[in-house]
Amino acid sequence: MSSENSTLVKLNNAGFKQNDKWLVEGVSLTVKKGKIVTLIGPNGSGKSTTAKIALGIYKNIEGSVEKYTNKVGYVPQKISIDWTLPLRVYDFMLLTENIKDETIDEALTLTGVIHLKNKNLGNLSGGEFQRVLIARAISKKPELLVLDEPVQGVDYTGEIALYELIKRISDTLNCGILLISHDLHTVMTATDHVVCLNGHVCCSGTPMDVAKNNEYKTLFGEQASQILSVYEHKHDHVHSDKGEIKKN
Amino acid sequence: MFDDFFIRALIAGLGIALVTGPLGCFVVWRRLSYFGDTLAHSALLGVTLAYSFELNIALSVFIISSLIALILIQLQKKTNLPGDALLGLLAHSSLAVGLVVIGFLTFIRFDIMGLLFGDILAVTTDDLLIIWTGGAVILLVLKLIWKPLFASTVNYELAEAEGLNPDRAKAIFTILMAAVIAISIKMVGLLLITGMLIIPAAMARNISDSPQKMMLFSIIGGLLSVLLGLFSSLEFNTSSGPSIIMAALVLFILSLLNIKQSIKLKN
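Same order as they appear, the protein sequences are chains A and B.
Counting from 1196, one number per residue, gives the positions in the first sequence under the numbering used here.
Counting from 114, one number per residue, gives the positions in the second sequence under the numbering used here.
These are computed hints drawn from the structure, not numbers from a lab.
Everything numeric in this text was worked out from a predicted model, so none of it was measured.
Idealized CB from N, CA, C, for every residue including glycine.
Don't take every hint at face value.
What follows is a set of in silico ranges between Cβ atoms, one per label pair, in the way DEER data are often shown [said to hold, decoys possible]:
no.	chain 1	residue 1	chain 2	residue 2	range
1	B	LEU202	A	SER1275	24 to 34 Å
2	B	LEU340	A	LYS1212	14 to 24 Å
3	B	ILE366	A	HIS1310	35 to 45 Å
4	B	PHE118	A	LYS1314	47 to 57 Å
5	B	PHE217	A	TRP1217	23 to 33 Å
Starting from the given sequences, assemble the full structure and let the hints guide the process.
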């Protein structure tokens, strides 16, 4: 397959202005099949805005977006659901697409919330709701997965398991992932391409390239770039679900 | 035996309840009750136009209500006024214009009470045809836009991101609102149409745990309200609209009792 064919979404010098203020500008990035692109940057640096530009939620943008797929799964950073709606987890799973029961069960099992299937969405805790959001997005078997802080509010062990799940999904479904994450550990280990934002693209490249970049160091501090070196040493093994170490 | 007009009223009312049930759920979910009111108030203008130009009332009301909805959307884009102020502005000015126009139409005798509160005597065989075919079309269209409309009701950005075109669904739903008002104005009256949309849906919310159930109970509630309301309207010689809405209110109160009981059972 040529590299052009595997492109799922491409931003060309894209930007978005609201009330005469640029939320983000001049972003170029490409998400391809089977690759994970991660956006990092401080609060208000335009990460979520960039995701929304890629998804086509923002319409009047500068630059352009080329989208080559309609099979999209989205986990938004903030979601406000009106509780005047009686909505069970099961109903929510069917929100944008009719999905087979087995597939729903499978996705809910993967994210560890199958026992909540018939619970009302309004009664879930933040972390539980986040797991349901991820399950919903992956159960569609999307070609493009956009995850905006997908594990916020999830307990620490759950967080690691969910990131492993996301990585596994990108491999098994061969889908492209646009990930926004605060967790630099995850970013630096599971990502193919990192885009560091601060209202514009500060720097981008492989995790190694970015960690060495001076602008990255000023944004996140010396320590953040150490993270990568720590992980570099560990690259000869991977962790299985149970935490056992497997040699590559 | 029932008089012929009463059978007509029953068939008309049941047809309306079948449509207001599902639409009413969306009105409650999307917080559109004042929007519904605004469209209903503007319906008076539609009625006066129907009389002036000898148009069909339902058609004329549908056109005017759709027009008001369009104006509202434009105003929302062009001004910084909050939504409820715009709704109030349109509701009362269109009602006022309608009443003034009625004042000029001295050659026609208007039954204002009938327009405002509904009149079962006014339902003709033609109206039945309009209500049932119109209602069937409304339900069919609602079924077609169900997925994007429901998804964007839950969360607009999810629907948009996953390619469901929520804006189109919203525009179509607005037209459906105008249509349901058009077919039910004679029966329920323009002041009470929103009640017919909201109260059975609100009752259903109290006793449902899923959107499908809420829609089903909302339809059943509407049907029961029409039956109870029309029989008491015949019995006590009251206006049909208020009688139906009162019946719906009674059902709503009963649904509250149901909640209390289930809470007691849990404890």
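Verification of the supplied hints:
Taking the beta carbon of each, LEU202/B and SER1275/A are about 28 Å apart, inside 24 to 34 Å as hinted. The supplied range of 14 to 24 Å is broken by LEU340/B and LYS1212/A, whose beta-carbon atoms lie about 57 Å from each other. At about 36 Å, the CB distance of ILE366/B to HIS1310/A agrees with the hint of 35 to 45 Å. Between PHE118/B and LYS1314/A, the C-beta spacing of about 50 Å keeps the proposed range 47 to 57 Å intact.
Taken as a hint, the range 23 to 33 Å is violated for the pair PHE217/B and TRP1217/A, whose Cβ atoms sit roughly 55 Å apart.
Of the numbered hints stated above, those contradicted by the structure are hints 2, 5, listed in ascending order.
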